[in-house]
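Number of protein chains: 2
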Amino acid sequence: MMLTDRQLLILQVIIDDFIRSAQPVGSRSLSKKENIPFSSATIRNEMYDLEEMGLLEKTHTSSGRVPSEKGYRFYVDHLLSPQALKKKDMSQIQSIFADRILEIENVVQRSAEILSQMTNYTSIVLGPDHHENKVKSVQIIPLNLESAIAIIVTDTGHVENKRFTIPPGLNPEDIERMVKILNDKLTGTPLVELQDKMYKEVALFLKRHIANYDLMIEAFAQIMNIPVHDKLFFGGKMNMMNQPEFNDIDKLRMLMDVIDSEDYLYPLIKETSGSGIQIRIGKENNNEALKDVSLITASFPVIGGQSGSLAILGPTRMEYSRVISLLNVISMDLSKALSTFYDRDDK
Amino acid sequence: MMLTDRQLLILQVIIDDFIRSAQPVGSRSLSKKENIPFSSATIRNEMYDLEEMGLLEKTHTSSGRVPSEKGYRFYVDHLLSPQALKKKDMSQIQSIFADRILEIENVVQRSAEILSQMTNYTSIVLGPDHHENKVKSVQIIPLNLESAIAIIVTDTGHVENKRFTIPPGLNPEDIERMVKILNDKLTGTPLVELQDKMYKEVALFLKRHIANYDLMIEAFAQIMNIPVHDKLFFGGKMNMMNQPEFNDIDKLRMLMDVIDSEDYLYPLIKETSGSGIQIRIGKENNNEALKDVSLITASFPVIGGQSGSLAILGPTRMEYSRVISLLNVISMDLSKALSTFYDRDDK
DNA sequence: TGTTAGCACTCACTAATCACGAGTGCTAAA
DNA sequence: TTTAGCACTCGTGATTAGTGAGTGCTAACA
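Keeping their order, the protein sequence lines are chains A and B.
Note that my numbering has the first sequence beginning at 10, numbered continuously upward.
Note that my numbering has the second sequence beginning at 10, numbered continuously upward.
For the record, the hints were derived by calculation from the structure and aren't laboratory data.
One or more of the hints may lead you astray.
Given that identical chains are not distinguished, each listed pair holds provided it fits within a single copy or across any two copies.
In silico BS3-like links for lysine-lysine, alpha-carbon gap of 30 Å or less [as the list claims (entries may be wrong)]: (1) 42 - 95; (2) 240 - 171; (3) 67 - 260; (4) 240 - 206; (5) 300 - 260; (6) 279 - 171; (7) 206 - 279; (8) 189 - 143; (9) 300 - 246.
Predicted, not measured: the structure shown is a model, and the values here were computed from it.
Turn these sequences into a full structure, and let the hints guide you.
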């Protein structure tokens, strides 16, 4: 598909205009723009051709033109000039990383919030997978005779905790011994391998030292059953209400259902990891509820081969250029910020 | 205000009808009901009187009647027969408490979900204030040379953790000693008094044993700065979209803003604690965005003088009777379930 | 005296009609 | 190749008319 320069210009202006106004753009209004020195008739002819190529559409016979999905795709692939962010935007972003926040979850959550606030779209951030994190320390804190809290701290500072029932017949000394064994055996073990190692290596060892070791193993193995899905952090879930394309409450509901369930979104965002910026436009999402939205995902690597990803969900009529710049900047900052957590400068 | 039996009957039926259909109810359709043996003309006369008393309203001159806020208030105060829950409902509720869940947050979150799912309204649950919880154990887990995780476990099994920067010049032995001191001095201290005690009692003691104790105190005091607001747990935030009164996206947005910010809702729900079921209808909420919704709150005591509360937010046209029954049942169950956590049967 | 039948009246809602205007496609002239 | 001109399309908004569910009032009835 070869377009003349004039066609490129016209296509670009139409899409830019539509992104701003959400209104079909007509030949006459275009011809009035100062960077368009052609008459409306000429533009009409070009529009006709662009429509034949499938880049534009009409909402009805005599309406102005609207970009088609293919049009957006072309725009994104060929027309997008990586527009630099405004100073104001940059400084706002820096503010997330300015005060030294000390928890990963915090940084991630705040990134999501800023991202949605700056774009007015919905943002989704997935922190680095912590299944690969290694156990730093295991603690058991008895609460009373029947129950105790098990705590696992990873090398990234992530804390998992779970209450469990103390198997009968276990005395405080047993627990103390158990903690010692667990720390000896499990320190340095990645979370994913925890259950496995528990049953294979630790079990044997506990057998020798602890009465009722099987009950204890059982109780503990459950604790280590860490949820498979990492948590998605959302920002501006409600922002879609501000988009005219979702004035229809039923459409909004359908969209919200997909967002809230996370089932569909999670793999999409997860699989981005490591492959730069990805853009899914409208029906490319393969989901009825997402047919009028675009999903832009970016991933950010952190030290140690891990990576997280962030995404923006907005109407297909989205400020692609701005969103991409934002994602680029923020993903780099996140890389830097989170890498400090993953930097394993053990003693 | 004295109503005849017939007026009571008619008011009741009108409100019940409107709650179901969300449509103004007219005299003719009422007269057709089998438990209403009066002609439409008679009903019209009664309606006229009820309207004069301010219990009913018309949406326009020749429309059917709709309950006024005063009408709902009367209905709630005098007409509501505490209708027993259906078996199906009861068994669904039991299912929350059936599998022995071991974390407070879990129970609370699931209650909120079930509540919203069963009512199709939005539910809000506030767990018992844990500011009064007592420290059970303090742990410090060094991650590397610069940072460490501080963990505080309370007697209810609540775990707070925070990363902090290790003041320079502090060696592992210092930390170990510090943990011992903190546990000695702070065990049994309610969370609210933590900071105070830290500065007053613990500081003196640390001074004697730890180098750079002032930096350490500073770092640690920050950690103990536990958020003032307990977390609200929501269920079915989106359910309001299903209510015809919120077909208007602007109204929906206003409502969602109030819900999401939590500022307004928190004190309302918090202050319920200990005073049974409270019902706020429409403008009684004193908030423009909440003028078309009712908020029903209930509190549930747990052992040790604590209490939590749960709330349902729905349109003023709400199934009051059902919601109240549900809240009653669930608050009792929550009382029971959470009391086991607060039961301080220490060794 | 309370209840009901009858009737005129109101008003939201829907569908139909119309004028307007922003847009198109086509043709012919520049 | 570009543009001016023109007939045509169609969404939008205003207006109108018909419909029906509802009311209030009056007069008759039990």
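Checklist line | Contradicted hints - numbers only | finding: Result: no hint breaks.
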